[in-house]
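Quick mapping for you: the protein sequence lines, in order, are chains R and D.
Just so we're aligned: the first sequence equals residues 1 to 144 in the numbering used here.
Just so we're aligned: the second sequence equals residues 1 to 134 in the numbering used here.
It is worth saying that the hints were derived from the structure and are not from the lab.
Where is the CB? At the ideal position from N, CA and C, for every residue including glycine.
Check each hint, because a few of them may be wrong.
Said to hold, decoys possible - Here are some chain D residues pointing at chain R (derived, C-beta under 10 Å): (1) 16; (2) 26; (3) 34; (4) 61; (5) 88; (6) 92; (7) 101.
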Amino acid sequence: MSLLTTMDMSASGLTSERLRMEIIAENIANIDTTRSGNSGPYRRKMVVFHEVLDKEVYRINNKGLFPGRGVKVTRIIEDDALPLVAYDPEHPDANEEGLVMKPNINLADEMVDLITASRSYSANVTVLNTTKAVAIKALTIGRG
Amino acid sequence: MITNNRTINALEMSLEGAVTRQKAAAHNMSNINTPGFKRLQVNFEEELKNALGGYNRKLRLKTTSDKHISNIPDKFVPPVTRDYSLGLRADGNNVDIDKEMVMMAQNNIYFDTAVSQLNKRIEMLKYIESDGRR
Numbered sequence: 001m002s003l004l005t006t007m008d009m010s011a012s013g014l015t016s017e018r019l020r021m022e023i024i025a026e027n028i029a030n031i032d033t034t035r036s037g038n039s040g041p042y043r044r045k046m047v048v049f050h051e052v053l054d055k056e057v058y059r060i061n062n063k064g065l066f067p068g069r070g071v072k073v074t075r076i077i078e079d080d081a082l083p084l085v086a087y088d089p090e091h092p093d094a095n096e097e098g099l100v101m102k103p104n105i106n107l108a109d110e111m112v113d114l115i116t117a118s119r120s121y122s123a124n125v126t127v128l129n130t131t132k133a134v135a136i137k138a139l140t141i142g143r144g
Numbered sequence: 001m002i003t004n005n006r007t008i009n010a011l012e013m014s015l016e017g018a019v020t021r022q023k024a025a026a027h028n029m030s031n032i033n034t035p036g037f038k039r040l041q042v043n044f045e046e047e048l049k050n051a052l053g054g055y056n057r058k059l060r061l062k063t064t065s066d067k068h069i070s071n072i073p074d075k076f077v078p079p080v081t082r083d084y085s086l087g088l089r090a091d092g093n094n095v096d097i098d099k100e101m102v103m104m105a106q107n108n109i110y111f112d113t114a115v116s117q118l119n120k121r122i123e124m125l126k127y128i129e130s131d132g133r134r
């Protein structure tokens, strides 16, 4: 039933936005982390969203059948921006000049991204509820 | 004649169109944060009109056999197109959340209307079936 695949599309949006929120939470949690797996401070992580299209549909005909299948996160990349530098000679990771390399995370940016992700999540929930209403309405056909 | 009803066929096609449009809404909304994404749209009204022999009713080719050439499409497929307009966002995405929500609400009402009409039609057929007795 095609309305169920519609719900899957909304679900893919929900999953992706939730993952984005998790990554933002990780970034904020690591805002002061000066040591990470790769040498140097923690680096800001970002998700890469990608549109999912049904290749089969394009192969057969690109008209009629609906090609869209929602969204997915293809990669989680690290921000290349240079680390922030703070003067803190007391810090255990300070260099000879008393400078500490801090993660390249801007709290304001993260909060704005978090709100965007949260609103997008809600929007997907609204679409999902409408699809549900449509499916339930379709079940009343022939009952009247 | 009763089972091959023109009204029921037309309503069925409208339902199909509305479901495809709902799909487009779900796809667009899930890609609201995908940079460079261009929205998919479903404008099936024109196609529906053609499928019902709307504009070329007068120029309709008379057919008395399946093998005759007909200028009315035998199958209705809601056309899915991509909207390449630029939009207002810096990331190249042209999904407008408000427009999408309004379109979805309209589509929902459209679907509900079609279902109600279909139910009325079926009710009428049932009434005929029962010989006018309730």
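Comparing the hints with the structure gives:
1. 16: At 9 Å from the nearest chain R Cβ, residue 16 of chain D passes the 10 Å test, so the hint holds.
2. 26: holds (4 Å)
3. 34: For residue 34 of chain D, the interface hint holds, since the closest Cβ of chain R sits about 4 Å away, which is under 10 Å.
4. 61: At about 23 Å, which exceeds the 10 Å cut-off, the nearest Cβ of chain R leaves the hint on residue 61 of chain D violated.
5. 88: violated (15 Å)
6. 92: violated (12 Å)
7. 101: Since chain R brings a Cβ to about 7 Å from residue 101 of chain D, closer than 10 Å, the hint holds.
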